[in-house]
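Numbering (this note's numbering), first residue to last: 104 to 318.
Keep in mind that the hints are not guaranteed to be accurate.
Under the rule of at most 25 angstroms between Cα atoms (straight-line distance), these lysine-lysine pairs were calculated in the DSS-like manner [to be verified]:
(1) Lys195 x Lys166
(2) Lys246 x Lys205
(3) Lys282 x Lys270
(4) Lys205 x Lys195
(5) Lys205 x Lys251
If you're looking for bench data, these hints aren't it; they were derived computationally from the structure.
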Amino acid sequence: MRTLSLCLMLLIALIASAQRPQITDRLNKNGQVTVDAPKELVKRNNADLNGKQTNNNKDKKVKEKDKKKNDPANEEERLNELDDDNKDTAKKDEEKKKEDEKKKEELTPKKPKRTHTSQQTIESRGVGYRIQAYSDNNHATAKAAAQKRARDIAMKFPQYRSYISYKAPSWRLRIGDFKTQREAQAALQRIKSVYPKFAREMVIVKDRINIWSND
């Protein structure tokens, strides 16, 4: 019975020894003993070493990133980039504002400047041509209608002077001081093209005209 127990204990010891990683000793030529760890243990140690190295690299990168983020020089560079972006945005807004103002100005009708002023004087009077743009003998409305038409034409053709006069029984509107019929005809065509509804009423008439100082 005792012998059987010793055999069982020895068998258990052998099985446990077989399951544990073995470290083998090698004797080299110089008489030195080399201890070899089992392959499983070497792989496990290498894996642990690689894991630690990976973690160390990650920690190093995080520290470098934090250091770069907290660096005053980098913070100043980041602020400069933000300033540049703000400048670009402000510049685009200013350009858009100018473009909108330009479009608004183009759409807003402008009152044309007159090409003649009160400083001009009449040097003389002579025979020439004018365009009769309106004539009516209705005393209730003729004068106001003549004035309105004169303003309308002056808005588009400020270079031509308007003359409103009354010659019984009619109020009439005549335009311009043209020395030749050819000048009057050219002006008539321009005015008719803008105001075609007045075209039938407009005729060239011979009249005494003013000769102005700058003409």
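Each hint, compared with the structure:
1. Lys195 x Lys166: Given pair Lys195, Lys166 is violated - Cα atoms ~39 angstroms apart, limit 25 angstroms.
2. Lys246 x Lys205: violated, 39 angstroms
3. Lys282 x Lys270: holds, 23 angstroms
4. Lys205 x Lys195: holds, 15 angstroms
5. Lys205 x Lys251: violated, 31 angstroms
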